[in-house]
Amino acid sequence: MYKLLRSALALSAWFVVYNTNAQDTTQIRSSKVDSASSVLKQQSKAVTSQLSAPVSSLKTTAKQAIAPLQQLNQGINIFDNKKPITVSHLSTEVDYNYFQDTSGMGLGVLQNMTGTFSYLIDYTVGINNMPFAMTLREGNGINSMNYTPFKNFTQFNFDHEQYLQTLRSQVMAKVSPDAIMNSALSRVKTIRMNYEQQLQGEISHMQSDYTKQYNTPLPIPTDAKDLSANDMSALRNRLLPGSAVTQYQQNLSKLSYMSQGKDQKTLAADSNYQKTLAEVKGYETMEKVYDRITFFKSKYEDNPLVKQLLSTSSYSPGALKNYLSDPNHLSQVLDDQASLNTIQKLFYNLKTLNLGQNSVNTNDMSMANVVNTGVNGEFQNKSASVGMIYGQNNSVNNWQQAGLTSSVTNEYSNLTGFKVGGGNGSQFDQSLSVNFFNFNNSVNSLGSNSGASYLPVAPRQDGVITLHFGMPIGAKHNVTLDVSKSFGSPNQGSSTDSSGSKSGSEGSLFSNSGKANYAATLNYTGEIYKTDIRVYLRKVGLGYNNPGNALLHSGESEMGLDLARKFLSNRLTVKYAGDFKQQVFDPYSNFVYTSIGNKLSTGFKIDRNDKVTLTWQRTDYKTDFYGQSPMNGVNSRLQLDGAYRFIVDGKKIMNNITLSRQTMNIPMTYGGEYSNTSVLFTNTSSMMLGKNLLSLTILTNQSTNNNYFFNTSMFSAEMGYSYSVSGPGNLKMTTTPGYYDNQGWNTQLGIRQQMSASLSGKMNVDLQFGYKKGIQVIQTALANQLFVSTSAHYTFK
Amino acid sequence: MLRYLIITLLTVSMLGKVSGQGNFVFIGEVYGRTLDGLANFQIQNFSGQAHQGKVYLTVKENISKNVVVNMVSPLITLSQGNNQFPVSAYTGSSFSFPNNAMAAIVSQTRNFPPGEYTYTFRFQPNDKSDDFESVVDANIQPLVPINLISPADQDKICEKRPPLSWQPPVPYPPSMRFRLQLTEKKRGSDIENLLMSAPLVLLDNIPSTTVSYPSYAPDLQEGHTYVWQVIAYQNGIILSKSDIWEFTVQCSDSAKANPNDSYRELRELVNGNYYYATTYLKFSYQNHYNIRKLDYEIYETEGGSKKIKNLPDIPLNPGHNKIDIDLSQLDLEEGKHYIIKVYPFNEPAVIVRFVYQENSNQ
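Protein sequences, first through last, are from chains A and B. Under numbering that gives the first Met the number 0, residues 0 to 796 are what the first sequence spells out, in order. Under numbering that gives the first Met the number 0, residues 0 to 361 are what the second sequence spells out, in order.
Here chain A stands alone, though its shape is the one from the complex (with noise of 0.2 Å):
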């Protein structure tokens, strides 16, 4: 019952937002047929007036007459293609990847894989000209083809950017540039007749009040609301012609004049007095109305979009492409001068409709960090936008979370959502998510090697409900703001058990007796004295718990300011980002934790070739917990980043550098300090010899910790030289020599190898192996390497 009634909501709003957006191409279409009449009409007074020509002119002109006419009336095809489906592109991937880890020391629980095997097919359809964009990806697991569903990898997606673009194209390629500034300037037109409605309120409510206490009517000429006028001193001079002034600087003195030594009584009864009076108030009044007609005709011409359309009266290729570039003006222009079926004008307003597994990425509040499989789609009019989604958790990464019990217990097992919002002619950017998460995993697959592990869960059902507003501000400024309020708790089970247990227990879906079950977001992007601007606060909420983002941080409290400036005509970069967090864990705040994180990069382009980067960074780490003493920690980073160039000999040297130094100290649960600091540098050089690359790098990185294989001090060289080889497949080679000196484990001296060919144009291989031997082993582990690396892409199409 309870998912019939989702289903039905999510249905009926459909239907509301599809006929809206029916009734408007409906009315569209009548003023099409409008327009076409009077252009009719004018262009076979055209024709008339050439009757002396020659009669193959006048066909032609005939011929150039119809044309646009045709376009029109009937409007222009915009898919030559009737296949009902047809097949654009079809590519496939294979990836494998061989590391030889015995010890564990690289792939830890994963050391007796062999290899990694994955594969990509895409696959682009059109059905009925809309490009749909298929993919089946498999890699997600360790051994998929042995346990992971097929379903999980496969995806079947509308490609609604790709669809516009096709639109965008065929228009341009079949639609007259006229014919373009046509549905132009109906636009233009459109937003003056509503000025015009207004302004025409306005001036017959005057009107009407005149005539009320007056009794006498007063005549405007009706053309005199057309704001698409320009001589307004014409209009002036209708309204209040010069004798008119006079006449009221005569009327005013005899008013004066017939005024004294009467009371209002009498002056009412005198009709020379109130006709005089009239005549003022009638001059007045028409002051007035050529105010509102002034003020209407610079709110006409101030209009941004109409000024906007009015600057595209160039007809080249660039202005119509970036007038086309906004859907509503494309949309303008199919509606007026193209031909689209029911189905592809409905998938035109369809931003979103994603099939199989796909990651769902609306906002923090609402979902993130997910993969879901199932449907996700979202339809968006110029005045409405309705969306839902419904699937199962497709997050589980078991290349991450082989061998391991996730605590982290946020993994749904199913969702529906939905989502109700503005449209894409609207200038704020709302929406309201409603999301409601299923627990029913009863699966306990503690101590598998092979995949990622789950505790059961007591089954429950969360909800959240997510509010979004985005306000644009003028053209540099933007402010969102994100509010969420999360709910639920585990359902009572279906056991029995005393009465008495039962009374204090909360099985609804909507009890709300937890504290803080709320999350916000508030962010202002902007520029402000050419200062790219950001500043953000982020509050959640104890009791907030949203299964859509697990990576939120319930308690934490958040605020952040990135700047960004350019100098020295761009050649100097300063950027800065600075953030302050707070995550209190209980709701007494016996436990808090305090981060504060500055970074300051600064950036100076010398020329196209030398350029350098100076970076800090710093972190500071502060907790105050329950029976504990507050400790404290830090991690610092700087970092130089410089790229130059030198010529010897003729021959030019690109090089880039980087200088780092980073230092952590933590405090350890138990006493002590972890510490770490490590001094790397690397160099890298290029250069061409012939048509061939040679490039040096040296590597050192001084460590502080060396028990770790992966973070020992070390030194490396490696010489590549990049070389073609001619014949078939343009196959380009790499061959890389190297010493390594790991600090405290082995000396290795190795070779990599790598080769890439293209192959008549539609495959692609990539192919690295190496091979590292140790010439002096102080711990065998990693001592010898051999690792593969393979990729094929092939496209079909």
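Note that these hints are calculated values from the structure, not bench results. For every residue, glycine included, the Cβ atom is placed at its ideal position computed from N, Cα and C. Be a bit skeptical, because a hint or two may be false.
Between beta-carbon pairs, the in silico distance windows are [claimed, not checked]: (1) A:Lys-761 to B:Glu-332: 43 to 49 Å; (2) B:Phe-45 to A:Val-633: 52 to 58 Å; (3) B:Ser-304 to A:Ser-227: 52 to 58 Å; (4) B:Gly-222 to A:Asn-439: 43 to 49 Å; (5) A:Thr-341 to B:Ser-304: 51 to 57 Å; (6) B:Gln-83 to A:Asn-439: 17 to 23 Å; (7) A:Gly-103 to B:Gly-222: 31 to 37 Å; (8) B:Lys-335 to A:Ile-605: 55 to 61 Å; (9) B:Glu-332 to A:Gly-103: 29 to 35 Å; (10) B:Arg-263 to A:Tyr-517: 54 to 60 Å; (11) B:Pro-97 to A:Thr-341: 55 to 61 Å.
Starting from the structure of chain A, add chain B where the hints point.
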């Protein structure tokens, strides 16, 4: 890992208050953090015979002295010896939460806030035989989430084998280990691509908070974007996941997408019309002489007609030239009008107005 588990199980079972009929084995520090973790206990039946009954569990927080949750299982059958509490029994259990803030937090989030907890398990047989209970204490410490440090989110870096570092939970438990995954982010996909794709770099069992880029992994490629995430675990339990961050390898200035616009003829436009120049100003130019460099200037149209400096040199060939002037390197503001003055040799200057636009694809 198994050895640790057995030792811990034995230790905890020793700590529990043992009664004659049976005993509960539960690792509070590991499984006592979440409501779902409460299902992971064993029941040892010493009575020598099977019993049917219910399990009653009460969790109390000792600092606030609040009972946080009561759980009552459906009827279960306890065999002789060790019994794992059945999953079906857990999912069919009844939960009740008293009226206090701690209980409300657990009810809403399924996570126990940090504190000192006492877990009291009691088995109540159906057959009137003696019940038995075990009490387990656990100190639940807060889990400060791990945060990635470098490469920073959305950063552009030059190194093709960059070191990766992150901040561990504070304080840092010595036995904590990390697993790192780095995956290429395909064009047009979201950061959640990491959850759906095979890794390019996978490192497990990391005892450090900084790793050098593994020597066995292929170089990262110029112009490609990568996503990465680190998880922290202890005793086989995932305790924290970092955010998913992305970075792009980009050594040189980005190869700007040269818009596929046509090369317009350079001529003065009438009626105040103007060109749109998206990143590049493109026009065709007829060089009737052997001039090697385009002579041109660009001015602002507003604010005093300031001359734009540092214009790039445009080489010319005799005859027809297709000119691309990269405007992105100049101090131009998007949406503003500018004037380009081109001085052909021995001919009057051509003045064209244009509106600068940045490429939205970048």
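The hints, checked one at a time:
1. As the Cβ distance of A:Lys-761 to B:Glu-332 is approximately 44 Å, the hint placing it in 43 to 49 Å holds.
2. Separated by about 53 Å at the C-beta atoms, B:Phe-45 and A:Val-633 satisfy the suggested range of 52 to 58 Å.
3. For the hinted restraint 52 to 58 Å between B:Ser-304 and A:Ser-227, the CB-CB distance of approximately 33 Å leaves it violated.
4. With their beta carbons about 44 Å apart, B:Gly-222 and A:Asn-439 fall inside the hinted range of 43 to 49 Å.
5. A beta carbon spacing of about 54 Å between A:Thr-341 and B:Ser-304 agrees with the range 51 to 57 Å that was offered as a hint.
6. Between B:Gln-83 and A:Asn-439, the C-beta spacing of about 20 Å keeps the proposed range 17 to 23 Å intact.
7. Checked against the given bound of 31 to 37 Å, the beta carbons of A:Gly-103 and B:Gly-222, roughly 34 Å apart, stay inside it.
8. Separation of B:Lys-335 from A:Ile-605 is about 27 Å and departs from the stated range, judged on CB atoms against 55 to 61 Å.
9. Between B:Glu-332 and A:Gly-103 the C-beta distance comes to about 56 Å, which lies outside the given range of 29 to 35 Å.
10. Taken as a hint, the range 54 to 60 Å holds for the pair B:Arg-263 and A:Tyr-517, whose Cβ atoms sit roughly 55 Å apart.
11. The given range of 55 to 61 Å is respected by B:Pro-97 and A:Thr-341, whose C-beta atoms sit roughly 58 Å from each other.
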